[in-house]
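A.B. asks: So the chains spell out like this:
Number of protein chains: 2
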Amino acid sequence: MRLSSSFLPTLKEVPAEAQIASHRFMLRTGMVRQMSSGIYAWLPAGLRVLNKIADIVREEQDAINAQEVLMPTLQSADLWKRSGRYDAYGPEMLRIVDRHKRDLLYGPTNEEMITDIFDQFVTSYKGLPALLYQIQWKFRDEIRPRFGVMRGREFYMKDGYSFDLDYDSAVVTYHKMMLAYLRTFQRIGVKAIPMLADTGPIGGDLSHEFIILAPTGESGIFFDSAFAEQNWLEMPVDINDKDSLAAFFKRMTSFYAATDEKHDEAEWEKVPQERKLEGRGIEVGQIFYFGTKYTESMDVSVTGSDSKKIYPHMGSYGIGVSRLVGAIIESSHDENGIIWPDAVAPFKAVIINLGMKDQACKDVCEALYQTDPENFLYDDRDERAGAKFADADLMGHPWQIIVGPRGVAQNVVEVKRRKTGQRAEVPVDQVLDYLSSHQD
Amino acid sequence: MRLSSSFLPTLKEVPAEAQIASHRFMLRTGMVRQMSSGIYAWLPAGLRVLNKIADIVREEQDAINAQEVLMPTLQSADLWKRSGRYDAYGPEMLRIVDRHKRDLLYGPTNEEMITDIFDQFVTSYKGLPALLYQIQWKFRDEIRPRFGVMRGREFYMKDGYSFDLDYDSAVVTYHKMMLAYLRTFQRIGVKAIPMLADTGPIGGDLSHEFIILAPTGESGIFFDSAFAEQNWLEMPVDINDKDSLAAFFKRMTSFYAATDEKHDEAEWEKVPQERKLEGRGIEVGQIFYFGTKYTESMDVSVTGSDSKKIYPHMGSYGIGVSRLVGAIIESSHDENGIIWPDAVAPFKAVIINLGMKDQACKDVCEALYQTDPENFLYDDRDERAGAKFADADLMGHPWQIIVGPRGVAQNVVEVKRRKTGQRAEVPVDQVLDYLSSHQD
Chain V
1 MRLSSSFLPT LKEVPAEAQI ASHRFMLRTG MVRQMSSGIY AWLPAGLRVL NKIADIVREE
61 QDAINAQEVL MPTLQSADLW KRSGRYDAYG PEMLRIVDRH KRDLLYGPTN EEMITDIFDQ
121 FVTSYKGLPA LLYQIQWKFR DEIRPRFGVM RGREFYMKDG YSFDLDYDSA VVTYHKMMLA
181 YLRTFQRIGV KAIPMLADTG PIGGDLSHEF IILAPTGESG IFFDSAFAEQ NWLEMPVDIN
241 DKDSLAAFFK RMTSFYAATD EKHDEAEWEK VPQERKLEGR GIEVGQIFYF GTKYTESMDV
301 SVTGSDSKKI YPHMGSYGIG VSRLVGAIIE SSHDENGIIW PDAVAPFKAV IINLGMKDQA
361 CKDVCEALYQ TDPENFLYDD RDERAGAKFA DADLMGHPWQ IIVGPRGVAQ NVVEVKRRKT
421 GQRAEVPVDQ VLDYLSSHQD
Chain D
1 MRLSSSFLPT LKEVPAEAQI ASHRFMLRTG MVRQMSSGIY AWLPAGLRVL NKIADIVREE
61 QDAINAQEVL MPTLQSADLW KRSGRYDAYG PEMLRIVDRH KRDLLYGPTN EEMITDIFDQ
121 FVTSYKGLPA LLYQIQWKFR DEIRPRFGVM RGREFYMKDG YSFDLDYDSA VVTYHKMMLA
181 YLRTFQRIGV KAIPMLADTG PIGGDLSHEF IILAPTGESG IFFDSAFAEQ NWLEMPVDIN
241 DKDSLAAFFK RMTSFYAATD EKHDEAEWEK VPQERKLEGR GIEVGQIFYF GTKYTESMDV
301 SVTGSDSKKI YPHMGSYGIG VSRLVGAIIE SSHDENGIIW PDAVAPFKAV IINLGMKDQA
361 CKDVCEALYQ TDPENFLYDD RDERAGAKFA DADLMGHPWQ IIVGPRGVAQ NVVEVKRRKT
421 GQRAEVPVDQ VLDYLSSHQD
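So the protein lines, in turn, are chains V and D.
Numbered per the numbering used here, the first sequence finishes at 440, counting up by one with no gaps.
Numbered per the numbering used here, the second sequence finishes at 440, counting up by one with no gaps.
Watch out, some of these pointers could steer you wrong.
If chains are identical, the list can't say which one is meant, so a pair holds when it fits in one copy or spans any two.
[As the list claims (entries may be wrong)] 25 Å max Cα-Cα, derived DSS-like pairs, lysine-lysine:
#1 Lys-126 - Lys-308
#2 Lys-262 - Lys-362
#3 Lys-250 - Lys-262
Calculated from the structure, these hints are not laboratory results.
My request is simple: use the sequences and hints to build the entire structure.
C.D. replies: This is the structure:
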């Protein structure tokens, strides 16, 4: 995109209501605009990040053969009366009455709806296991929305649901999902550590929260640093082999990781001193096996091979896609602005033209830009160099390609890596190679 | 996808409430499921079509340099009070009260919201023209939702908005959008004819509805068949040259096309008899220049080059994405099922295995399937041939690749084109070439 003709407005003033870095930077870089309390419009730069995260989430769900569906945002209250949650949910559920005086609600989550869909289409054990997910807008009427998109009211979330014939099969599904989540966060470029979460009356150990390390996080966390060094993308796991999945899961859970709620001092003592990491974190996902809670309460069953009635075992699997945008910035910024991981940056690189009146500079910029106009942002504004540098740091593009008259005369440009601040002079015809060979 | 392990359920019984073909076929093929009156969940096959349409819409909007944003589904009532439409809109607007007793609404359209966003970020004539769009869920509380996704309450729509400095510049934008729309519908594979629509108090001729020919359509239409033969994808139009755009627009509007509301018998008489086409049609899009209606009522202005206050001229541009899914089926089906245009079919082809117990058949199917598992559907179910053929016709895949023991023994498969019923014996190793060389 060309910055001069794009809707990528930056604001000079920091809005007063923004208390944390991600909220400030998202407003200043025009990624989002608040339209009502806790309700945001996503402008082009923000939307690009949101979509890139959603695409990675989608690819990893598809890789474990989860099937994508899309449920409506509005739901009938009747569905929630069947499960008994309509009265129990409380004031965070946005309740709506339509013109025919029927009770609707804006879905905060979809266990009831997916169970109802499953009920119509799957009647036999042969239809199991079933693994469905969606990426859709949801609404929770938070009493005090804050921290921008991190605790908004209308939010974008991947929610997945599984149906299995029995506990053993549900465990296999849980292991697959754990792998998909670890791969997803690693591809996005953040360290999200799964931590054992409360399973309530269900019991067992099949509930994990995924937490990103960030000083503004709501939970205290304790974990073994060896965990963060694992490469889940290169781990040889066969998702069609339950023993391979179980071995992976056992290895994964062998590293200590707990929020302060579940922290166990005795286990923590066993972690070698140099690998103990404490800090604060932001929850960006959760996976949870909850058995037959909804299938029983809604009386949704299948017929087994022996013709007996079976209540499928369910799990649910969430990733806060819009929340992640804020959480990534919380965990990756400095005083000058955002530092985007390569995989989710709105643009791969910004081309900064310092010689707007110099034909040679313009030619070099234009030629570079045309090699990948979809992924390069070309700062072709009539602005001083200082303003262009400041905006580039603020917006956090992984690379800055700085094109000035002096360099161009020698056929070189300057390339700066945002994350490290490292600079290099690179011949014009080697810029693309330089970027791809110097990516992490 | 493998049909045996996919969530692609077909229903044998026709639901009683479905009066028209598209509604019946969408329910029978498990593309959607009704969750409340006029509110649908999209299952995998339906979602694939919805996304393919949205992607084509998006690419053609991006091609005219429209910028994608994403506005929230819920809006503050205050915004609509500013424009005066909050009271005027009537009972189709779904009005909501949140826990703090603030008035919200589920957006039926976004003129107010986009104007408010524009207001914050664009203050000078230098920011014009601005062209923004989104593809997002909307809600209209129809009194009698019917015809499935064609007249639902929660619906998916592309809505775009333009801001120009004056009328002349708004006309150029209008011409660009007309071109993008004609290209969009042609790529989707439907004949959508733009027809002059009512401009109300705005006047002029800058309002067109795009109408797909279908016997169940709500409007009577009259048009010159020469229109439908134009190839907009190969028309040499330079979108950066207003004269080129104007010439294209003049040519486009030289063909007679009108709904019964705007039908002009005298003009109709001038169309050669053999080119006169009459029928019924479904509206799937509208483009509309409405001047300073919202910028004046909401007092949103920019500063001109002479420092004077200017109210930008606006237009809005809609495409009913979820409605199109139904409309395409209305215009393209037979008694056996859907006939998908290639570009938006959920799958490019179905591989029908007639020899589930024959190792050679399984090997051929598997090898074909693996060449493109994302776009091929492999019918690997343990079903009779008749059921597989019927489902293939019902689901409307553009191609059927029929693999049976007798053919495989001679190293051939049968390829059937759904649209024409034409069949051919094709050597196994030439199937992919055959499909690509026999596409329209």
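A.B. asks: All hints are to be evaluated individually against the structure, with a verdict given for each.
C.D. replies: Hints, one by one, checked against the model:
Proximity of Lys-126 and Lys-308 under a CA criterion of 25 Å is satisfied intra-copy only: 13 Å inside one chain copy versus 72 Å between copies. Taking CA atoms no more than 25 Å apart as the test, Lys-262 paired with Lys-362 passes in neither setting, with 58 Å inside one copy and 51 Å between copies. In this assembly of identical chains, the alpha carbons of Lys-250 and Lys-262 lie at most 25 Å apart only when taken from the same copy (19 Å versus 71 Å across copies).
Violation of the numbered hints given earlier is confined to hint 2; every other hint is satisfied by the structure.
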